[in-house]
Structures are given as C-alpha cells and as structure tokens.
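Visitor: Here's the letter readout for the chains.
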Amino acid sequence: MFTFTRLSPATSRDHVLVGLSPMNGRYTPEYIRKLIYWLQPRFRSIDVILPGFEAAYTLVAAGQPPTQAVRRARRACRQVRNPAVQALADLGVPDAARHVTSWTRLHANATYRAALIHSRRAYLTDSRIRRACRDMTGEVVRNAAAGGREIDAADIDIAVRYVIAEIPLFIHGPSLFGATESVFVYHRPTPLVTAIASGDCILTAEPGQSWAVVTEEENNHGRTGTSAALPVPSR
Amino acid sequence: MGEPELPLRYPFPLGDTGALPPLTRWAQRNKPVCPVRLPSGITAWMLTRKDDVAQVLADNRFSRDLAERGSPRMVGEDLTSVDDAIFNLDPPQHGRVRQVLSGWFTRRAVQRHRPLIARHADRLLDVMADGPNPTDLVESYSATLPLDAMGELMGVPAELARECRQTYPMSLDLSSTPDAVQKETDAAKRFIAKLIAAHRADPAPDSPVHELLAAASAGVITESEMFGTVFLVFVTSFDPLVAPLTTGPMILMLHRKQLAECLADPQLWPKAVEEILRYFHNGGLGFPRIAREDVEVHGTMIRRGDAVVVPMQAVTWDPRHYRNPERFNIHRATDGSATFGAGPHYCLGSQLARVVLQEAISALFHRFPTLDLAVSERELPWDPNRMFTRPIQLPVTW
Chain P
1 MFTFTRLSPA TSRDHVLVGL SPMNGRYTPE YIRKLIYWLQ PRFRSIDVIL
51 PGFEAAYTLV AAGQPPTQAV RRARRACRQV RNPAVQALAD LGVPDAARHV
101 TSWTRLHANA TYRAALIHSR RAYLTDSRIR RACRDMTGEV VRNAAAGGRE
151 IDAADIDIAV RYVIAEIPLF IHGPSLFGAT ESVFVYHRPT PLVTAIASGD
201 CILTAEPGQS WAVVTEEENN HGRTGTSAAL PVPSR
Chain F
1001 MGEPELPLRY PFPLGDTGAL PPLTRWAQRN KPVCPVRLPS GITAWMLTRK
1051 DDVAQVLADN RFSRDLAERG SPRMVGEDLT SVDDAIFNLD PPQHGRVRQV
1101 LSGWFTRRAV QRHRPLIARH ADRLLDVMAD GPNPTDLVES YSATLPLDAM
1151 GELMGVPAEL ARECRQTYPM SLDLSSTPDA VQKETDAAKR FIAKLIAAHR
1201 ADPAPDSPVH ELLAAASAGV ITESEMFGTV FLVFVTSFDP LVAPLTTGPM
1251 ILMLHRKQLA ECLADPQLWP KAVEEILRYF HNGGLGFPRI AREDVEVHGT
1301 MIRRGDAVVV PMQAVTWDPR HYRNPERFNI HRATDGSATF GAGPHYCLGS
1351 QLARVVLQEA ISALFHRFPT LDLAVSEREL PWDPNRMFTR PIQLPVTW
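Residue numbers (our numbering), protein chains in the order written: chain P, 1 to 235; chain F, 1001 to 1398.
One chain only, chain P, in its complex shape (with noise of 0.2 Å):
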C-alpha cells in the first residue's frame, strides 16, 4: 500500500509521470513492481521516467573515473528500467516500453528541448533555483562519494547538470506526455519542486502541471507511515 500526498490542490487522474531514481536503494524491482501496480490503476495513463546520460555525472563527481561512472549509471538505469517496463507490461500496458523513457530520448522534443534551455537560464539567473539544483545535488553526490570523501563546489559544477535536465519534467508534464493534466510523483518533496510550486521563482509550470509525494505504509505492527509533505498551491 502506498500513501499519495498531492502538493497541489489539483485532482486530475488524467497521467501521472513516475520519476525513478536508478542509483537510490529505495528502488528496488520488487518496489518498482509495487509502485506502478498501485498507481497504474488510478490514472488515464502512465509514463515513468529514467535520468538521461547526466546521471553519470553524480558519479563522476563523487570520483570515479568517467567510463566506469557511465558503465554503472547504464547499468542502474537498466535494472530500474526492466521491472518498470515489465510491470506496465503485465497490466496490460499496450507498447509498455514505450512508456518508459529517459529524458536523453525526450530531446526529439522541442517543447523538452526549449524547456532545458530556460532551465539552465533560470540556474544560472534566479537564486532560489540555483540554491535548490546545488542543494539536491550535493545530496546525492555526497551520498556517491565513497570513504566519506569531501566534496566541494567544482564536483557541484558538474553533477548538477543532473538536477537541471529534470528541471522540464516538473514544469511541462502535460505537452510532453500529450496530457490535459499530469501529475510528476516521486518518493519524497525535493526542493526544486517546492520552489517552483511556490510560485516565487523563474520558473512556472504549464497549466494542469502537478506534484505528488508518494510513500509506501509500512506495515508495523499496525500503524501506517505518512507522507511529511506538505500541499503547495500549484500556479
């Protein structure tokens, strides 16, 4: 069972887009399999989506050597992919693997590709962005980084082009699914999206853009876990 805590006042069931992070534990191919049986029946239609080649860049940063970074981000991407795939597919998903991409392949889109361009604009330009990209990234680089190694900004300055290249998935859900409405789900609120449902920020979503929380209950002798997050107005 999973708790699905919406940071937006927005009820739409039309598409949800499914973020995987490959190189988080939390994704297992049995938690990927829960994820999707669960949601998969409570949406029009579903997308879930994988970092693009960027994902090395964590990686790289927290100090592996660049082909053997890319070599384990492929290789992570595909063991988060597989059971996605496989999982739409046993629901009946018609063309499941079509519904699993990463956002390398969304660059055949010029609404993606004009959206990353603002992306990296509005890190570049707007504080409040640049502060979350940097936050999140040092993050998971540090997460990365073997024998408590220390990072500093330069490995930034290179894994956050990671954070930056989701940046158009939170904004523009619905033109690139062919969505009236979509809602972007993931197992945690990150600061990113915080900002830019606040409205306060370069940054704006397409209308019918929204965000979820989604956390699965532990089955502890009864009780259930909740979601912390907090519902943001969507702008």
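Be aware that a few hints might be false.
Claimed, not checked - Pairwise CB distance ranges, derived in the manner of DEER restraints:
#, chain 1, residue 1, chain 2, residue 2, range
1, P, Glu206, F, Ser1175, 11 to 21 Å
2, P, Pro94, F, Pro1369, 42 to 52 Å
3, F, Ser1175, P, Leu124, 26 to 36 Å
4, P, Met1, F, Ser1376, 48 to 58 Å
Said to hold, decoys possible - Here are some chain P residues pointing at chain F (derived, C-beta under 10 Å):
#, residue
5, Leu50
6, Thr67
7, Val70
8, Arg131
Calculated from the structure, these hints are not laboratory results. In this text, all values refer to a predicted model and were calculated from it rather than measured experimentally. A virtual CB, placed ideally from N, CA and C, is assigned to each residue, including glycine.
Following the hints, complete the assembly by docking chain F onto the known chain P.
Guide: Structure of chain F alone, referenced to chain P:
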C-alpha cells in the same frame, strides 16, 4: 509490414538507428511512384528507385523553379521560395550561375581547406578534453564545427559571427507552421543582406561570396541571382554537415571493428566517410520538383504541375545497386556519390563536404580512440521532423 494507406503521410516513422524508414522501403518494393502527403497538405509523387531518380533528376521536363508563391512546399515559404537562388534555377540559367562557383568547389580546389578544418577540429577537441566527460557530442563538436570552420571559410566577419550562430543551423522543422518557416527564411535573408554589405565594404577574396559578388559586378549574373545563391550556399554550409558529423561518429562507435581498422590505417577514413554518406538520410525527401508536362513513369502518369520528391537514402539503399544496403560496411566498392543527387543540380559542395567529414571524424577518433556512446543506442533521440535527420543529442564518454 502490411499495406499502408495511400497517400503515405510524411514525415515517416524513422528506421532503427537511422536505417531506411520502413515505409520508404515498402514504397521502393511495391509502389515505385508513390503518392505522399507533405506536411503542407500537398500530395507529391515519391520516387524511390535509383534508376528512376537518376532519370527524373536529369530530365528537363521536371523543373526546380519553386520561387513563385503557391509552389509546392514541404511546410511553408522555405529556402526554395528565395528568388533566383541556384536551387531554383533551371538550365540554361542554372548553368551560368553554377559556372561562377564550380571552380571554387572542385575536388582539387577544396583540398587546400583541410588545414583550416583540422585547426578548428583540434581546437574544439581541446575544449572537449578539458570539459565534462561524458558530454553531448552534438553540442561539443558536431554542431559547432561547421559554424566555426565553414563560417571562416565562407568569410563571415567577426561582427556578424554571433548573428550567424543565431541564424544557423536553420531548423528546417517539418512540424513547424508556415508562419514560423516564413520567419526563419526572413531572418536568414536579413543576415545574408548584412553579410553581402560587409563583403562589399571589406572584400574577402577566396570565398564563394566573393566569386558571386565579382560575377554580379561583371554582369555575368544578376543581383538577384547573387543574393539567392549566397543564401543557398549558407544554408548548405551548415545544416547538412551537422547530420553526418553526428551519425558518422555514432555508427562508427557501433561498429568498433571497422573503427579500429580506420585508426590503424588512416587511408580508410575516406572509405568510412563514403559509407556514412551512403548509409544515412541526406535531407529526407529533399525539396519538390514540378512536372512541366505529362510524364509517365512505371505506368503512372505524372501530370503537368504535379510535384515529385526523391528521398536520396532510398537511392543509396536500393538493393538493385547496393548489396545488403542495411549493412554498414566501409569496404564497399560503391561510394556515397548518389547521396548528393544526380543531373544538373548534383550537389556543388559534395567534395567540400567530404573534406570536412574526413578531417573532422578522423580528428575526433584519433584524439579520443576510446570514444563510446554513454547511453544505449535505443535511447538516442531521433526527431523525424528534422529535415537532416540525426540524433538531436549524442552522449559520449572516453
């Protein structure tokens, strides 16, 4: 595949990793003169067999003059709408204008530009080596090199370099609107007007622009022919090079044995470039030609005024002329010439394109011999709406 509904609707879904689109292959086998609905709504006849294409492109009953408003277009008033551009001229007018440029573009003449191409390639590869790894090769190299190298070769003055980068590559986007296409064409016209004024104020000898200006001054060509042809030379200097500078490295990374052969024996780079030119799209369906009179091809009557299009990738994948065309093989006896067209409009820049590709691709792999894709080839983003088809991004590591 089953029987598709006719007319086919363009753009077609692409083949895997840039292979011939399945619908083009179907037409080649089953409907050699096939009706295709273009994004503009016009229906054209698509020819897909090498012999038919060679015959039609050399046949004066098919005109290239699309400058008049209302002529068949892919989307809207694109580069074919520019008056008196060399693209739009029919013989004998076409031959007179082509003669002005042909000496500059001969095989022998373009060899002298190798050091310039190599210098720009080396500089960009230095930057790439010092930058992030992995990186997007399109952004780091494939899209940048033509702008820098061809920009210098074509005599773009420093004060217009920035505007040149904003203007080219043109999107030539088949999903665009007629209004957006018109705006893109108008922006390029404004750039070319400034470029011509700059060249008149400060001549840059040894460039095609200089040759055309001199010919206009001497009364060999008209002012309008000069302007239109400078416009065309610029479009073709950038956009058509970005695609093979992307697909070429990609296919070599996917055929590492052949790449290793090239690295071990640099004499093989020209062979590799010929096969890259043969294997991939060169401008989708191209731009239409118009029948001046009724012409029968394979029992189908092409009526006067009808539009005809020819996908050159179908020509270079015609199994009657290329054995196992789906196989990438740098050791073929055939070359990539057919990708550049046939007849009087055979690509003027074909030899220069070869020089650029040979220098750029060999420099890339000699600098980064371990260069490899940073994602699965299935993840590469191909946009079927791009006229010069390629992955929009090519993530690589080394």
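Visitor: The structure should be examined with respect to each hint, and the outcome stated for every one.
Guide: Hint-by-hint comparison with the structure:
no., hint, in the structure
1, P/Glu206 to F/Ser1175: 11 to 21 Å, "holds (19 Å)"
2, P/Pro94 to F/Pro1369: 42 to 52 Å, "holds (43 Å)"
3, F/Ser1175 to P/Leu124: 26 to 36 Å, "holds (29 Å)"
4, P/Met1 to F/Ser1376: 48 to 58 Å, "violated (34 Å)"
5, Leu50, "holds (9 Å)"
6, Thr67, "holds (5 Å)"
7, Val70, "holds (4 Å)"
8, Arg131, "violated (22 Å)"
Of the hints listed earlier, those the structure fails to meet are numbers 4, 8, in rising order.
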